[in-house]
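S.K.: The chain contents come next:
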Amino acid sequence: MYAFEIERPTTLAEAVAALTDEEAQALGGGQTLIPTLKQRLAMPSTLVSLTNIPEIQGISVDDSGRLCIGGGTTHAAVAAGASAYPALAHMARHIGDPAVRNRGTIGGSVANNDPSACYPAAVLASNATVVTNQRDIDAGDYFQGMFTTALDEGEIITQVAFPIPERANYQKFVQPASRFALVGVFVAEFFDGVRVAVTGASEEGVFRWAEAEAALSSDFSPGALDNIAPPPADGMMSDMHGSGAYRAHLVKVMTGRAVTAALD
Amino acid sequence: MAKISMRVNGQAVTGEAEGRTLLVDFLRGGLGLTGTHVGCDTSQCGACVVHVNGAAVKSCTMFAAECEDADVLTIEGMADPGGALSPIQQAFQDHHGLQCGFCTPGMVMSAAALLQENPKPTEAEIRTYLEGNICRCTGYHNIVKAILAASGQETETIAAE
Chain G
1 MYAFEIERPT
11 TLAEAVAALT
21 DEEAQALGGG
31 QTLIPTLKQR
41 LAMPSTLVSL
51 TNIPEIQGIS
61 VDDSGRLCIG
71 GGTTHAAVAA
81 GASAYPALAH
91 MARHIGDPAV
101 RNRGTIGGSV
111 ANNDPSACYP
121 AAVLASNATV
131 VTNQRDIDAG
141 DYFQGMFTTA
151 LDEGEIITQV
161 AFPIPERANY
171 QKFVQPASRF
181 ALVGVFVAEF
191 FDGVRVAVTG
201 ASEEGVFRWA
211 EAEAALSSDF
221 SPGALDNIAP
231 PPADGMMSDM
241 HGSGAYRAHL
251 VKVMTGRAVT
261 AALD
Chain U
1 MAKISMRVNG
11 QAVTGEAEGR
21 TLLVDFLRGG
31 LGLTGTHVGC
41 DTSQCGACVV
51 HVNGAAVKSC
61 TMFAAECEDA
71 DVLTIEGMAD
81 PGGALSPIQQ
91 AFQDHHGLQC
101 GFCTPGMVMS
111 AAALLQENPK
121 PTEAEIRTYL
131 EGNICRCTGY
141 HNIVKAILAA
151 SGQETETIAA
161 E
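If you're matching them up, the sequences are chains G and U in order.
Per the working numbering, residue 1 is the first one in the first sequence, and the count goes up by one each step.
Per the working numbering, residue 1 is the first one in the second sequence, and the count goes up by one each step.
Just so you know, the hints here were simulated from the structure itself, not pulled from any lab data.
A quick note: this is a predicted structure, and the numbers were derived from the prediction, not measured.
Worth double-checking, as some hints may not be accurate.
Which chain U residues stay away from chain G? Per the calculated CB distances, all over 12 Å, these [claimed, not checked]: (1) R20; (2) T42; (3) A55; (4) S59; (5) A84; (6) D94; (7) G106; (8) S110; (9) P119; (10) G152.
Distance windows between CB atoms, simulated [said to hold, decoys possible]: (11) U/K120 to G/A84: 26 to 34 Å; (12) G/L41 to U/G10: 37 to 45 Å; (13) U/V13 to G/E203: 45 to 53 Å.
Don't be surprised by glycine CBs; every beta carbon is placed ideally from N, CA and C.
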């Protein structure tokens, strides 16, 4: 790693001020950023740790019934504390491994927008709102392609607010070496329709599978997928772990499994 | 370099660390606590697992500076100060839960975290919990047996896989 200083602010205002330095970078749980620094792929002069700020941690339900999770909340805390949204707690319980879940945070995962991370699928399928120190961003506007988001430099995710669906489930086909999703599908049924978000598959990062949403909105059953084709293999990631066609196939399989599990 | 203070295995310690000093390097190089191992240095293997404020973490994927004022427990803090092994360590010995022993510190620390959370885990729960701890020798079987034994459960019913 190149050398850098670490700051550990205890308030959001201090963190925002520290990040106005152009060469400063936010540090969440570090489960992606620290390996990146070890590879010398980043060269910040200062890391501003966001894990010591009580006001961006914790889980609550707001007046409109949304589950609000502070950006600095760990996956382990969501797994244990998101009982109002069981499918989300279940998803958090299966990220990485226990030691990773004790450090990694929702804000870090959503800010990084790894194309194989689990949280982006939950955020997009739930039509959640990403709340920052500056504004509210709809999930549909937030994700802008692999490792790319609507966040500006120095902007901090303070909260992610999830509308709670009537039924939902997340199924991931694990890439066993990295424990990331080879393909993961989050299905959420709301009173006005079904949303299906896919991670791990597309070169553009997380995406909504419109055909499956239409089919499942009229019939929320695994059989509703029988007559639709998997999404096009063109544009899917292709690597030593699976071809684009394989990933496209898995999208349909995992969507069916998520619907089955949501109905269970 | 900055001065960092924390409690390690119940003792207050102070040492010098750069921003980029990993917790594992602070423990091993700074404090001489070489029981915590670095297997992969890429967050995959779990040989470096320690507890920070009661939670299992990979000490190769956390900075020492993030542990200012924290309570850290390493493998050196598991045995009784008189030398008697902790029940988990004793079970690893009794059930031959190690061969080369390199992964063992991390395995024991993960097992301790599991049993704090879930005092009577099933075999499947143990295997799932150890996803982040890699062992090249044992095939995990005797590790799972040792953890079942440490939790006071029968071990004879487990079939080898």
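S.K.: Find the hints from earlier in the document that the structure breaks and name them by number, from lowest to highest.
M.R.: Hints 1, 2, 3, 4, 7, 8 not satisfied by this model.
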